[in-house]
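Trainee: Letter by letter, the chains look like this.
Protein chains: 2
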Amino acid sequence: MKLLKDRIVKDGKVRAGNVLKVDSFLNHQMDIELFGEIGKEFKRRFSDREVSKILTIEASGIGIACIAAQYFNVPVVFAKKTQTKNIAGDVYTGKVESFTHGRVYDIIVAKEFLKPEDKILIIDDFLANGSALLGLAKLVKDAGAALVGAGIVIEKGFQEGGEIVRLSGVRVESLAIIDSMNEDTGIVFRD
Amino acid sequence: MKLLKDRIVKDGKVRAGNVLKVDSFLNHQMDIELFGEIGKEFKRRFSDREVSKILTIEASGIGIACIAAQYFNVPVVFAKKTQTKNIAGDVYTGKVESFTHGRVYDIIVAKEFLKPEDKILIIDDFLANGSALLGLAKLVKDAGAALVGAGIVIEKGFQEGGEIVRLSGVRVESLAIIDSMNEDTGIVFRD
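Read top to bottom, the protein sequences are chains A and B. To convert a position in the first sequence, counted from 1, into the numbering used here, add 14. To convert a position in the second sequence, counted from 1, into the numbering used here, add 14.
The hints are simulated quantities; they were obtained by calculation from the structure and are not laboratory data.
Identical chains share a label here; the pair holds if one copy fits it or two copies do between them.
Derived lysine-lysine pairs resembling DSS-like cross-links, with alpha carbons at most 30 angstroms apart:
1) K125 <-> K95
2) K95 <-> K35
3) K27 <-> K95
4) K54 <-> K27
5) K129 <-> K27
6) K27 <-> K155
7) K109 <-> K35
8) K152 <-> K27
9) K125 <-> K35
10) K57 <-> K152
11) K133 <-> K35
12) K125 <-> K109
13) K19 <-> K129
14) K152 <-> K35
15) K152 <-> K125
16) K129 <-> K35
17) K95 <-> K109
18) K125 <-> K27
19) K24 <-> K129
20) K152 <-> K95
21) K133 <-> K24
22) K155 <-> K109
23) K152 <-> K109
All chains should be modelled from the sequences, with the hints used to inform the complete structure.
Mentor: What follows is the structure, given as structure tokens:
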């Protein structure tokens, strides 16, 4: 998606440790007009598939998922991150390891919001080590729902997440795949 | 806002301890069509004011803020909750006490996303003890920006937050104000 790649080049900041800061338009300040174009592109890429619900994870996936959901005419459910030891109630749970923060947390979704008849599209801002996406896919599987695929805004193609998730059989559509990035030489996208 | 009040009566669940569960349409599963109507109503109520940016707080404020932002044609910034002791970088900080979880956490916004020339509209899902809203208002004040007002989806009118925030001079527009609620007798809205 050219508009997105141009924006990453213009406003993204590459930092040591393979960190890409896009907090001026994607995950702290959010450019809602850009989100609209991202939502339309997700709809275009998954226009061949029926979707009954979008699943994302707090916090930075929520905005993109909500804007995209307007083009699918479906509700959004977001998985909650929790460090609570005792998880109460009827919930599906999974574990996610954060690339940025280097710790493991539990994610939960109330069972009433993921049903066997659901056709779930996962939407998230980043795909790096794949942990969040695999965690969300597990919730969908536990619910007995169908996983239509995953729409990702930025995939770090030099990390193993994309390959692991695709090999597991999940259709992944990433709007920008970064093959390499470097503070000095900049960002190289996959064609 | 009648559509919202009807939905709260239909799908909201009153629980002990003045807890109102609206997680089937507002803050876990999100009804994006309803969010569109909420966004339009916020725009209608603040149509007399210039807004340059919407500020909200993770996680459940983000979806509503993003959908509403489409009607204001402005970006959204969300304050991040953190329990990190050492907050790095150039950020405005505040403290918020969670009514639901009964603990205090820090909130932060990067300074580059709140400027003295900004005219900020705060959007959030709930107003109860007012702590989140006062915390967000402090960030706006610290930035030297103008606070246009606050758009709230559900105000618990029987708690003191609304009065405290209004007495502090902030214009608050709540789409549904609950004067009392009870597991047996139901919900009473303010006219």
